[in-house]
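Enquirer: The lines below spell out each chain.
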Amino acid sequence: DAKTTQPTSMDCAEGRAANLPCNHSTISGNEYVYWYRQIHSQGPQYIIHGLKNNETNEMASLIITEDRKSSTLILPHATLRDTAVYYCIASNFGNEKLTFGTGTRLTIIP
Amino acid sequence: NAGVTQTPKFQVLKTGQSMTLQCAQDMNHNSMYWYRQDPGMGLRLIYYSASEGTTDKGEVPNGYNVSRLNKREFSLRLESAAPSQTSVYFCASSELGRSHYNSPLHFGNGTRLTVT
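In the order they appear, the protein sequences are chains A and B.
Here the first sequence stands for residues 1 to 110, where the numbers follow our numbering.
Here the second sequence stands for residues 1001 to 1116, where the numbers follow our numbering.
What the hints contain is simulated information worked out from the structure, not anything from laboratory work.
You may find that some hints are simply not true.
Computed far set for chain A versus chain B, every beta-carbon distance over 12 Å [claimed, not checked]:
1) C12
2) G15
3) N23
4) N54
5) S61
6) R68
Output of the computed footprint for chain B on chain A, the stretches with three or more beta carbons under 8 Å from beta carbons of chain B [said to hold, decoys possible]:
7) 31-44
8) 100-108
Straight-line C-alpha distance at most 20 Å; calculated SDA-like pairs for lysine to any residue [claimed, not checked]:
9) K1057(B) / S1075(B)
10) K3(A) / T26(A)
11) K3(A) / Q1037(B)
12) K3(A) / E1059(B)
13) K69(A) / G29(A)
14) K3(A) / G1042(B)
15) K1071(B) / H1029(B)
16) K3(A) / G1058(B)
17) K1009(B) / Q42(A)
18) K1057(B) / T99(A)
19) K69(A) / E55(A)
20) K3(A) / M1041(B)
21) K3(A) / R1044(B)
22) K1071(B) / T1055(B)
23) K52(A) / I74(A)
24) K1057(B) / N92(A)
25) K52(A) / P1104(B)
26) K52(A) / S1103(B)
Owing to the predicted nature of the structure, the values given are computational and were not obtained by experimental measurement.
Built from N, CA and C at the ideal position, the CB exists for glycine as well.
Bound conformation, chain A alone (with noise of 0.2 Å):
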């Protein structure tokens, strides 16, 4: 897996977007970006995936940049349930072994 570097913590407005960035320099061509989030002490959540274009699911957006060496996670109205630490990770599809580190704690203001 790639190295990724996320910010230690980061505050937002609730109903403002929540938008998380991802440092990831030294991907290679096929791997992917994928983003989990992890509430309180519950077991991570998928929320969603991307190569190289843009990706937007029901949960959230993905962009990343052209030349692939960062993206950012957009919460497009950020809830207080959005609460939770952010895990950003680069990796082969197919990849048995997701590494993850120990991601951005996000906290949502009222």
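Since the structure of chain A is already known, use the hints to place chain B on it.
Expert: The following block gives chain B in isolation, referenced to the frame of chain A:
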């Protein structure tokens, strides 16, 4: 459809005792995994099973054994528990593989283990 179910939710062991953590999934997934998470740290892969009948070591396998009992169940055994194994253990399953495009990991809610 319960997803990934782990038992027990909590366990306290004394050093040297043994126990088995159970995990079952009802999503017909081929791949299953065991992770541990220590306070303030990310998840670390202990063992995984890419398919029924196969198991492989992850990042931190020492002190653990696993059994892929069938397609649904993947157990983790501590033969002689040590305080360093105090952690939260997560089981996960997926259809990860090059033929499955949209196959994220699905996690259980963890087993909180304390070894004294």
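Enquirer: Against the structure shown, which of the earlier numbered hints fail to hold, in ascending order?
Expert: none
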